[in-house]
Amino acid sequence: MGAHRHPVTRRVFLGAASAVSAATILPRHVLGGPDRTPPSETITYGVIGNGNRKDGGLQGMKAFQRIAVCDVDKTRIGGEPDNKRRFLDFRRMLERRDMDVVCIATPPHWHAIMCIMAAQAGKDIFCEKPMTKFIAEGRAVVEAVNRYGVVFQIGTFGRFKASREVHKLVKSGLLKDLKGVVARAVASMRTGRPSLPAQPVPDVLDYELWLGPAPYKPYNKERVHYNNRFYWDYEGGDLTNNGFHSFDPIQYTYAKDDTGPVVIEPHAVWPQHPDCVDWWQCAVLTYADGLKVVVDSAIHKLEIVGSRTVSAKDLSAEDRRRFDALPDPPKLVPFPDAVRTRQQAGGNAETSHRASTALNLANIAIRLGRTIRWDPVAEQVVGDDEANRFVDIPLRAPWHL
Amino acid sequence: MTEAVVNRGYPQEKGLNMEPSATLLEKLPAQDPTSAEPTVKALIRGGPAVITQLIDQVGEQFGDPGGVRATYALHGATNYASRPGADAERKMMAETLAKALGARHSVDLKSFLCQQLQLCGGGEQVSALAGLLHDEALCEPATQALAAIGGEAAGAALRAALPKVQGKPRVTIINALGRLCDAAAADEIRKSVAEVDPDLRLAAWFALGSIGDAASAAALLRAAGGKPSFERTQATDAALRLARRLGERERKAEAESILRQLLAQRKAPEEVHDRLAVLECLTKVLREKAMPDLMAAIASEDLKYRTAAARIALGLGRAIQKAQPDEAAKLLKKILEVTKEEAVRQQAEALLRRQGK
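Chains as they are written, first to last, in our numbering: chain A, 43 to 443; chain B, 5 to 361.
Chain B extracted, bound-state conformation (with noise of 0.2 Å):
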């Protein structure tokens, strides 16, 4: 791996020290940036030799005295080949780093090392990475690694790895797929909808919700249903996660079907905030068409439900305010009749102003 950089044109200098000498880490770190460049810019011309040696010299316990100068270097070294325009000295570094993950190194060694990869690591660090998510306590330190990356690489090597791994580094796998709305994992995911480990059953809830799996819209609404708790407000978290990935993806009357049961299972009066999320996504997924649903809120006898949905009203009309200006009129309008907030009054009659009304 390492070859291969110097091959594509990695400006390893002849004849530099290949070794990151103290009288070189001593200098770091500098008073300033500009100051500090000269001696990271030499470690870095050093090539994977100096780098691997600094790796070594950060110490393999986490916070050794004796690797803090090494330690400043090597992370310097990470944040200055990541600057724009240093692909080459970027991904010397990275493949550097993550050639060390597979040598005899402790956890917390290979943990930080993994957390340099977090900044700087591409698509060619996937499989270092990937070779982590079955060690229990190097998961989390690769899975995070692996979302920073993001893209297409990283999600198959994390979707590999979710069905053979159990407990924690199973949410976090899941965690990781939900953050990267990793379609193609939701199969495997939909498995742990109903887990007896909350963590697992919460993890799949929000992947599956931020995924916009359709399939999973009858178990995040029975959840949704439930006693009050804190699970079913995540519950409902993620069906509205849901709703809204549908309603971006044009899939407007399944979004709005799950908003409406959502709706029909909050009439409770200390319900009103999850009456509000729902009203502002159907906004979201409906807009002008929510217009009924918006005009019922802000004329509401509840101050929260219509002080609220006034807010949700006045963007709408500012959205469509181009496109429809008689139906925005209208609307600030209403909003103007029901409303004290001052803020909110000035925005509805400034907009209004604009459109000459």
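Chain A extracted, bound-state conformation (with noise of 0.2 Å):
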């Protein structure tokens, strides 16, 4: 059919100038005190969504200690639930005060309100990629995020090991710009199907809680554990699944964790399936500053010609000595760290925000089929209310933001 065809053109030329478990409880007011090094280093955890992901993001750190999981397949939790370690609802495991950080590895379609709960809780959260669904919920984790004061990392380290040179010259201001600066950030593609009858729930899933704050759709097993990510009530396909991964590093070396694009192009079969995600080929996103970022299926071999490259030779003498004399970006700060000096994590909720942003419009330049035109400050898509539809969707009760 239609949506199996390989699309657009093999090559996309972009010049210079071109347009283109079993746990030890470890009370947490027994570890430590007001400035005192807890005399255990161990910082204690539950994880929401115990399916391919796990705890994954967290395993090999030594500092963390998992005391509980919660899924809503009574298949996931090892055992019987008993509202202790292993908990259906993940708003009772909230309930418990000896839990320092909640790791979040449910669909995306959850992570908004888990994190917004959990900061409520004063639980630190380590939520895995995609940060949120569409872009009005990452604001809201932001927010709660900062008014609890809580510490959030999402679950990828990219940025880590990205050129903070090229940062520090983008921050500082001193480029005139970024014309002809041509990123890629490859992802992979995968679709969803579009005829999946109703099947019976098994008795082994809360299907409702599966559903939590998105529409109700009949159940297939095709729609549930791990495959949720190809259909639009749950995630945004590989493009936000696997393009947070190297979109985000781009982020950080452009220097662009507190903005956003402005002018998001889309290169994709249309229509879009209303329920499933579709073919796709890349998606432009272009800086107010000129940078362009190529976020790409990877279904072609897509090349990037005439990209240019910066770096503080690009300055003149005097610029290069103010360049000099400024401080080095403060360095990103690794999650443990993060939850024991209470700094933000170098993958921090607003970062985060604005990577799941910049993919969630390029989603949605593709569902709608349109270029569209982004405020990086009011966080709304200029001039078109269809779009704005898409940037805050309502949430099925009793859930909201």
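Warning: the hint list may mix true and false statements.
Dumping the calculated SDA-like pairs for lysine to any residue here, alpha-carbon to alpha-carbon at most 20 Å [stated by the list, open to error]:
{"#": "1", "chain 1": "B", "residue 1": "Lys45", "chain 2": "B", "residue 2": "Ala74"}
{"#": "2", "chain 1": "A", "residue 1": "Lys213", "chain 2": "B", "residue 2": "Arg322"}
{"#": "3", "chain 1": "A", "residue 1": "Lys210", "chain 2": "B", "residue 2": "Glu353"}
{"#": "4", "chain 1": "A", "residue 1": "Lys259", "chain 2": "B", "residue 2": "His109"}
{"#": "5", "chain 1": "A", "residue 1": "Lys259", "chain 2": "B", "residue 2": "Gly63"}
Quick list of simulated restraints, FRET-style, between CB atoms [stated by the list, open to error]:
{"#": "6", "chain 1": "B", "residue 1": "Glu128", "chain 2": "A", "residue 2": "Asp379", "range": "52 to 58 Å"}
{"#": "7", "chain 1": "B", "residue 1": "Gly106", "chain 2": "A", "residue 2": "Tyr268", "range": "36 to 42 Å"}
{"#": "8", "chain 1": "B", "residue 1": "Ala187", "chain 2": "A", "residue 2": "Lys263", "range": "42 to 48 Å"}
{"#": "9", "chain 1": "A", "residue 1": "Ser205", "chain 2": "B", "residue 2": "Glu30", "range": "46 to 52 Å"}
Facing chain A, according to a computed beta carbon distance under 7 Å, are these residues of chain B, among others [unchecked claim]:
{"#": "10", "residue": "Pro33"}
{"#": "11", "residue": "Thr237"}
{"#": "12", "residue": "Glu346"}
If you're looking for bench data, these hints aren't it; they were derived computationally from the structure.
Fair warning: this is a prediction, and the values are worked out from it, not measured in the lab.
By construction, the Cβ of each residue, glycine as well, lies at the ideal position given by its N, Cα and C atoms.
Work from the hints to combine the two standalone chains into their complex.
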């Protein structure tokens, strides 16, 4: 069918001027007090969503100890639910007062609500990417994290290895602009299936709670447990899934952590199916200073030709002196250090929201089949009412932002 | 309704084939929007008759394999008609979709139509959607469409339905009225603040907080004063929302009173996050008058409290720098005295440099 044809051109020229578990419960309050190093280095956490990803983002970090697990699928919590260590409802898990951190590894349509409720419960947050399913959710998470003074880290770490020199250079404001700089964020591409009949809900699954804030759709096993990411109600396909890994370091490198693209141009099959993620080739995101980021599905070998690089050598002698006199950018703080010292983590809520927003905008443009313009301060699409309805989507009760 | 659209000048072309033929639908989806445009344009030019036939072809069951092409086409037409500057087309689409809500279609199909109206509907579709609010299965999608449409007409429709519904539909409608900050709904919503059903009770708290209903302050503070639990966090959030809304309306004394009462409730070491939330809200409401609270907070012995408070103070320093440079400088210097966070220090130093201090 049409949706499975390879679309668009194989080559995009973007020249310089082109437009293109078994838990030992460690009560937190006995571990340390104001300004004292805790006698134990252990940071306790619970994981919500114990499926494919589980707590993979925290495994290997010695500081962390898992003390609870929660999933709406009874087969995924390692035994019978007891509302002590094994939970079916994350709201009960958040009531554990000895838990420092919540690891959120559910489908993304739940991320915002769980992040907000974790912040309200005073828990630090490790949230798998993409941060949120739509843009207003991300802003609400940022506000909750700031309001309750908790630490947030997104589950991707590429930015920790990104160029700090280019970041400093762009952040300094000494460059005239970034016209002609084109970066490529590689995602991948898989699609959903448009004709999935209703199936009986398995006894082990609380489907109502699995759906949560998403619109009601009849159960089909293809819609849940990993494949959920190929349905618009729950995620934005591989563009927001794998795309986040490669987009986020670019955003840091070019110092775009507090802003967003201003023009978003889609290259994709259209119309997109209203329910399931469809074929797409790329989206071109242009920032106010001329930087272009091509988010690429990699279904073709997309080539970017003629992109320029930036370095401090581009500066005049006087600007170079100014640049050298500026402090280096603060080192990005790893999550365990951030939890202990209460600093903002390297992949904090604001930066993650901005990355998530850029990718969600790409999906909005793809779904609408038209170029959209974004105001990164007001966080609104300019002059397109329908596009703005994708920015802030009403949630199914009783859930809200 | 359809005739009215045509009479207003919708460009329905005479002599056009009025059926969305299989050949036409086979062209969708296309490899890109430009390739799809002639087909979608042709469907829209067919007007209500063609769109209605498309609706019939989507299928009554969700995911009907026979309706895939029509689903693509109908959704594409919805998107295309909603583009900027095409209001006559958008109205035709929305009115045709709304008219089909009154036809003999299944819950699945009507839900789908509501979801399309969530994208393209306007004030003219409110009454058709309001007619579904008493239907337990359709209340949810109809409410979401109304919430997306927003405005006084949508709020009035939800308000009118609220006293007549119970259970899940009541939760759904209260939730939407909260989202819309519909002040006129407060009296009816207040009846649910002490409901046995926790979903209903919590929805009422959220809505009344969002609306900024000062008459609910005592009830919200009472709920926020309960034993530590998920419910208490939700009551606290609702009380904070209420204080913010009152602050936005310059009812600062009432807002401050709520916040001081919340602060008095939360003294335990593990409640530092709640104290921070109150501090953040106090700073938003009182601005420079919150300086004594902020100064005390950033000098606190509690690492979590003072570090987060320093970030709140930094925001205030930035906000008042122009109008009250001396006060801002005092605050920024205090931040530099107490915080070790490099990012915050750099920002405070940069702000002071800008002031020449």
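A quick look at each hint next to the structure:
no., hint, result
1, B/Lys45 to B/Ala74, "holds, 15 Å"
2, A/Lys213 to B/Arg322, "holds, 18 Å"
3, A/Lys210 to B/Glu353, "holds, 17 Å"
4, A/Lys259 to B/His109, "holds, 17 Å"
5, A/Lys259 to B/Gly63, "holds, 15 Å"
6, B/Glu128 to A/Asp379: 52 to 58 Å, "holds, 56 Å"
7, B/Gly106 to A/Tyr268: 36 to 42 Å, "holds, 40 Å"
8, B/Ala187 to A/Lys263: 42 to 48 Å, "holds, 45 Å"
9, A/Ser205 to B/Glu30: 46 to 52 Å, "holds, 49 Å"
10, Pro33, "holds, 5 Å"
11, Thr237, "holds, 4 Å"
12, Glu346, "holds, 4 Å"
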